[in-house]
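There are 4 protein chains.
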Amino acid sequence: MTKQQINKVVVAYSGGLDTSVIIPWLKENYHCEVIAFVADVGQGAEELNGIEEKAIASGATECYVVDLKEQMVEEYIYPTLKTGACYEGKYLLGTSMARPIIAKAQVEVARNVGADALCHGCTGKGNDQVRFEGAFAALAPELMVIAPWREWDLVSREECLDYLAERNIPCTASLTKIYSRDANAWHISTEGGVLEDTWNAPNEDCWEWTVDPEQAPNEAEFVTVKVQQGEIVEVDGEAMTPYNTLVYLNEKGAKHGVGRIDIVENRLVGIKSRGCYETPGGTIMMEALRAVEQLVLDKSSFEFREELAVKASHLVYDGRWFTPLCKSVLAASEELAKDVNGEVVIKLYKGHATVTQKRSDNSLYSEEFATFGEDEVYDQSHAGGFIRLYSLASRIRALNEKK
Amino acid sequence: MTKQQINKVVVAYSGGLDTSVIIPWLKENYHCEVIAFVADVGQGAEELNGIEEKAIASGATECYVVDLKEQMVEEYIYPTLKTGACYEGKYLLGTSMARPIIAKAQVEVARNVGADALCHGCTGKGNDQVRFEGAFAALAPELMVIAPWREWDLVSREECLDYLAERNIPCTASLTKIYSRDANAWHISTEGGVLEDTWNAPNEDCWEWTVDPEQAPNEAEFVTVKVQQGEIVEVDGEAMTPYNTLVYLNEKGAKHGVGRIDIVENRLVGIKSRGCYETPGGTIMMEALRAVEQLVLDKSSFEFREELAVKASHLVYDGRWFTPLCKSVLAASEELAKDVNGEVVIKLYKGHATVTQKRSDNSLYSEEFATFGEDEVYDQSHAGGFIRLYSLASRIRALNEKK
Amino acid sequence: MTKQQINKVVVAYSGGLDTSVIIPWLKENYHCEVIAFVADVGQGAEELNGIEEKAIASGATECYVVDLKEQMVEEYIYPTLKTGACYEGKYLLGTSMARPIIAKAQVEVARNVGADALCHGCTGKGNDQVRFEGAFAALAPELMVIAPWREWDLVSREECLDYLAERNIPCTASLTKIYSRDANAWHISTEGGVLEDTWNAPNEDCWEWTVDPEQAPNEAEFVTVKVQQGEIVEVDGEAMTPYNTLVYLNEKGAKHGVGRIDIVENRLVGIKSRGCYETPGGTIMMEALRAVEQLVLDKSSFEFREELAVKASHLVYDGRWFTPLCKSVLAASEELAKDVNGEVVIKLYKGHATVTQKRSDNSLYSEEFATFGEDEVYDQSHAGGFIRLYSLASRIRALNEKK
Amino acid sequence: MTKQQINKVVVAYSGGLDTSVIIPWLKENYHCEVIAFVADVGQGAEELNGIEEKAIASGATECYVVDLKEQMVEEYIYPTLKTGACYEGKYLLGTSMARPIIAKAQVEVARNVGADALCHGCTGKGNDQVRFEGAFAALAPELMVIAPWREWDLVSREECLDYLAERNIPCTASLTKIYSRDANAWHISTEGGVLEDTWNAPNEDCWEWTVDPEQAPNEAEFVTVKVQQGEIVEVDGEAMTPYNTLVYLNEKGAKHGVGRIDIVENRLVGIKSRGCYETPGGTIMMEALRAVEQLVLDKSSFEFREELAVKASHLVYDGRWFTPLCKSVLAASEELAKDVNGEVVIKLYKGHATVTQKRSDNSLYSEEFATFGEDEVYDQSHAGGFIRLYSLASRIRALNEKK
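Chains as they are written, first to last, in the numbering used here: chain A, 1 to 403; chain B, 1 to 403; chain C, 1 to 403; chain D, 1 to 403.
These aren't lab readings, by the way, just hints derived from the structure by calculation.
Some hints could be false.
Pairs involving identical chains hold if they fit within one copy or between any two copies, as the list cannot separate such chains.
Taking lysine-lysine and the DSBU-like style, the derived pairs with C-alpha atoms no more than 35 Å apart in a straight line are [as the list claims (entries may be wrong)]:
#, residue 1, residue 2
1, Lys327, Lys90
2, Lys90, Lys347
3, Lys8, Lys327
4, Lys403, Lys226
5, Lys403, Lys27
6, Lys226, Lys3
7, Lys177, Lys27
8, Lys90, Lys3
9, Lys27, Lys8
10, Lys338, Lys27
11, Lys252, Lys8
12, Lys226, Lys327
13, Lys347, Lys3
14, Lys3, Lys255
15, Lys8, Lys255
16, Lys347, Lys252
17, Lys403, Lys3
18, Lys252, Lys90
19, Lys90, Lys255
20, Lys177, Lys252
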């Protein structure tokens, strides 16, 4: 298919400046009908209110808003959480996990409306273009992909605003925008501005969601969660849906300044970028699940889970969700999560989410075994034989060297 | 060699109750001369003062105190730190790293004094017996190993105290000791007591070194470190030896409640135990090195470093320091650390050690590349081809499925 | 439970000399009833004929022979094969895979007959004791385990024969037995004798099953197999059960000298041993599955499958079948095997099993893409962008170094 | 730098049709001086004879032929061999290992002659373009790279021949060339023709170097090699340089049909290709080194070496030789190779290279330990304790489940 043959495009529309420009630009350059698609992944009312009108005003024929909030937590966040994935040791993958679910829903809309192309508003230096297009390749290889930022000549907000003004398309976007942000139910990311120099500490306005730990309450607060098969099923005694759990924990975490990260990370496209991420509820969830794992996973299972975490962090970050490899890694971690049941108390205090109490019916920990005294299961005399064989190769090697 | 043939034993002596019992017990049961060996790994004056006299009073012929502090940081801690090792995601391996260096120095003393056996005071349910005996097997397979705790019938502090009293050996140890502790320049660990039930939060007396974050200063403090090849060479503008760096950072960290960990971990011997660890300076060092890595390691190098971290954490924890495998893993991480040069500012505040500023001459981060605008090195048009090939297998698979 | 309380033991009985001794020895030393359990894992009629009578003659109250042949191939061999596991690069795990299934069936018999202990005839230096007892621990921790070879004083065949003779228990075992062997439908292993010196080449009598490649037919023979989800479902055009497939391929492979391996391997207990293994059909199956994978697995999936192979080889070898870790690894490889469908022609010739033809509906290979000319899917111009970003970190690093 | 500014290009010249076209094409399209660079990596006299005259005749100003044969074996092949790398389980990386050394020497020539650009003749669908340009990016980011096959319109041999004919440049290349080949001292690869359909078996003319196993001598032949630190230092009693070792073993292997591989592999650029590879001497070297490893590496070192093999196979295949990650992986394997000393006898017979005898002063194998009887080092009673602790987590888990 060629550019000329495109009749209908579904664009992932955010309501922001760039996707507002994309709609008229597509119509002018591809001479096609444009359908706006908005994924509600919990980015909040501020971004969603009136978004359909906005899309239509920009020239879209229709605008589909799809609520993906519960699905995102259940089908994307939990599987990732069970792996323990944390990109480059810090980043809880908030933007990365949202991309495949958005792309998948966008493909579904495209098929429903009979579109022949997909469009996104990601820039040419970022990860998101790879995540969107990687998902498109796996889910809808027959649809063309349009990436305006790699195609057009617009290079500044000013030019974008001019573009809209010339066409009398209303836009409330400001001329200057210090930071580039992405928000969903799981996190807010902030890039740009003062953060571009790694020798600058983040400003207070780099953080949008969480309270500064220094301004957080002086009194600690405690949250209790119940975990089943690696998922939180109850918070503070109340059963909640996955999304509601996240919302509840976000509110608690944000209040106590939990979940701020400032990181320089390797983008998939070969450059590094610096970002501040806020993941208040997610940080609490991560701590809770890891704490139950401490009780139930044996040593080598734990080690494998850690290896899976490294692998999954790259797969998810790199937009490889819809690949056999990712499915294989997730199958492995789902298997390990089967025993991850228990209860955890987390203390929230000035940026900390610290597990203070934990228990599990599947716990391999036993007071009886761990303590000094005699027990049925562990006989200290076993240790001598264990150590001897465990270090036997070392012994033989050392004896060899003495020959 | 048989038990009967042992003439001289070198015992790793701590001055505590159990090693004080071990000395007379060895003499009575092995009819041999006992040499006490004390490793100074920074456990502090309280434990070391008068220790030689104590050893002699307990029946040792001689007592060797060897200062291993600088060597421990330089040859054991830094190599481990460069791997990023953190056992089961939390524990900075304070006891684990100290064991091989102690065992090695003990072997050297044994050879110098012509001993034919080595003895340690580790219990039969712990990791340390494996670490000591693993090192002994690798370094001195010709020497017999005696592990009294797996051999004798004493099962309580009371019995140990009685044992000494019966022999008129002076001992200031108290009848009850709530916690089992291990201290060195890197950390203090605390086990037992209230911690034995994982549903108990740690008491304040579970922490011995660091200030409670809630009691820590309300004012943040900043520390600046300079890193060369993965090691800190300057702190707050002053060049320091590795050990002095650690001491300096310990003081800062402890004051701000940095480095408290409460973990249930898998012991090598197949059971789980729960411990509270305090690693104030080490936590700061870890954060600092990881931050420089964010600047200098490319994506796949970073991923490998994370894999090495998992491997090294188990190797060090499991007492496999003197093995070809450990040497191989350390060789890999040393290679990666060659570029880990830079400067880092760390903010200390109520338990947090947060890197706020970082820079490096080896940084792969560049403001120019990461930002929106044009540059020489990154051409946005490259991304299209990259993505296409990067997701090509997904595309082909999806096309296949449509056939 | 103590030794004295044991009433009934189920022993894994092979009909060989040592398990024949074990029956009376158990009765004399444990004063208990002994039930013989024989697993038919395809070791052949020679070993199984009259085995029940033999067991009774040795003093067993009952003898249960359980046919595990199909189950072994379906539930143990295929899952392992899908991982690609090959221990230390050579050994196809024939003995290792048989142990968990035998142990599991033995536990079931024990529960059915109300036994309170399990007994095996493995020696104290081998892997099999760990595999049996590892399975017992996971499946029946309440049952006592008796390992006579680690307990009694018999140290030679002669003593074993004397033991039986003294008790008038008939035995046809010969005084000398050069090799120690283990046989099942998958393989025959041979240890001992001339093999004990690694500088000796194997004798012709080290091989029991397969024709010497030098004596194999001068004419090659071809076998065609059809693979579905990583399992062979048809051979030479005929649908066959898993076990019958193996039998068929064994016959073909053995005739052509396929599947001989001579290896020094690391036992789990810390020593090395040398063995000759014959796995004629298994070698063909391995080649066939790997060939289909070449067609259907993408690059990073293939790499993960190789990593899983290494992991699984150790897990299976080490007798860790019934662990969460093993289940997790197998879940990952099952997921990857879902696309492993296709057809393969294998050429058998003087020890070689060489795949000469392969095809798959899931193949990611396409003549069109791979060849020189233009195509829709791969545009050569994409490569420039791909390479640029793929090597961007190298470029930036090199530019840095020039500064 | 722009296209227009290029004054002097160094082209990796092979003497074949495409690089013969590249010389005049560069002059016409870049208006620059062209320097031919020929790497002698053992591709043989046929390709090298008269190559300088040919290059000059095609329009090159100068032609540099650089002998890289010893360096290739010593600095590229041995480090790779020590890792055990074998791409996707089969391919011994013959082309992959040659690319970085060629690229590096080409860069050196470019710097010596003051060139401002580098050019290679790799196609836009292959791996070699990535390998060359990956090396260029790491070694000479300041030099421009020209990849004519991604730039020009020529798409067939006929067009290339016409191009030369129009310019009266002599060329002996034939119009049709069935296979695409790459040769060096380590291997010959063959792609194209009948191989493009994976359901075709290779023709006999797919193999160029090795004798068909069916035509190989009916008498086996034996080769003895001595290995030091993972490198062969003596063959059949004679000390030889690395390259001469390879030549000697190539001759032996080729005669006996050793080292033929037929594989469908994943290219780095996202497509699969099918190739036949002949690596006669290399296959023997691989077998020899792996056999010594069987004697000297302990279990977990062996497992890590296998993991390194997987990693290294991808790194080398993907052209990432000059990266910190590759250096790190090689540092790890060099460390493990320190003990890889020994002697090995390899039997060559109709395509097989089978190690029949092996020994090593560093061997951890000991007849005494492995056999049935008593010994000093291994006490069978140790096994009971070992097994108990080794399977303790399984036991505890199982006991839990019974509660």
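The hints, checked one at a time:
When the C-alpha separation of Lys327 and Lys90 is checked against a cutoff of 35 Å, the pair qualifies both within a copy, at 23 Å, and between copies, at 26 Å. For the identical chains of this complex, Lys90 and Lys347 are neighbours both inside a copy (20 Å) and across copies (17 Å), given an alpha-carbon limit of 35 Å. When the C-alpha separation of Lys8 and Lys327 is checked against a cutoff of 35 Å, the pair qualifies only within one copy, where the shortest distance is 32 Å, while the shortest distance between copies is 47 Å. In this assembly of identical chains, the alpha carbons of Lys403 and Lys226 lie at most 35 Å apart only when taken from different copies (20 Å versus 59 Å within one copy).
Taking the closest pair of Cα atoms, Lys403 and Lys27 come within 35 Å of each other only across two copies (32 Å); inside a single copy the shortest separation is 83 Å, beyond that limit. Within a single copy, Lys226 and Lys3 get their C-alpha atoms no closer than 53 Å, and across copies no closer than 43 Å, so neither meets the 35 Å cut-off. In this assembly of identical chains, the alpha carbons of Lys177 and Lys27 lie at most 35 Å apart only when taken from the same copy (26 Å versus 49 Å across copies). When the C-alpha separation of Lys90 and Lys3 is checked against a cutoff of 35 Å, the pair qualifies neither within a copy, at 41 Å, nor between copies, at 42 Å.
Only within a single protomer do Lys27 and Lys8 lie at most 35 Å apart by alpha-carbon distance; the minimum there is 9 Å, versus 46 Å between protomers. When the C-alpha separation of Lys338 and Lys27 is checked against a cutoff of 35 Å, the pair qualifies neither within a copy, at 50 Å, nor between copies, at 42 Å. Within a single copy, Lys252 and Lys8 get their C-alpha atoms no closer than 44 Å, and across copies no closer than 59 Å, so neither meets the 35 Å cut-off. Within a single copy, Lys226 and Lys327 get their C-alpha atoms as close as 26 Å, and across copies as close as 25 Å, so both meet the 35 Å cut-off.
Neither within a single protomer nor between protomers do Lys347 and Lys3 lie at most 35 Å apart by alpha-carbon distance, with minima of 56 Å and 49 Å respectively. In this assembly of identical chains, Lys3 and Lys255 lie within 35 Å of each other by CA distance neither inside one copy nor across copies; the values are 50 Å within and 57 Å between. Taking the closest pair of Cα atoms, Lys8 and Lys255 never come within 35 Å of each other, the shortest separation being 45 Å inside a single copy and 63 Å across copies. Taking the closest pair of Cα atoms, Lys347 and Lys252 come within 35 Å of each other both inside a single copy (11 Å) and across two copies (24 Å).
Within a single copy, Lys403 and Lys3 get their C-alpha atoms only as close as 76 Å, which misses the 35 Å cut-off; across copies the closest is 24 Å, which meets it. For the identical chains of this complex, Lys252 and Lys90 are neighbours both inside a copy (21 Å) and across copies (24 Å), given an alpha-carbon limit of 35 Å. In the homo-oligomer, the alpha carbons of Lys90 and Lys255 lie at most 35 Å apart both inside one protomer (21 Å) and across protomers (25 Å), since each shortest distance falls under that limit. For the identical chains of this complex, Lys177 and Lys252 are intra-copy neighbours only, at 29 Å inside a copy versus 39 Å across copies, given an alpha-carbon limit of 35 Å.
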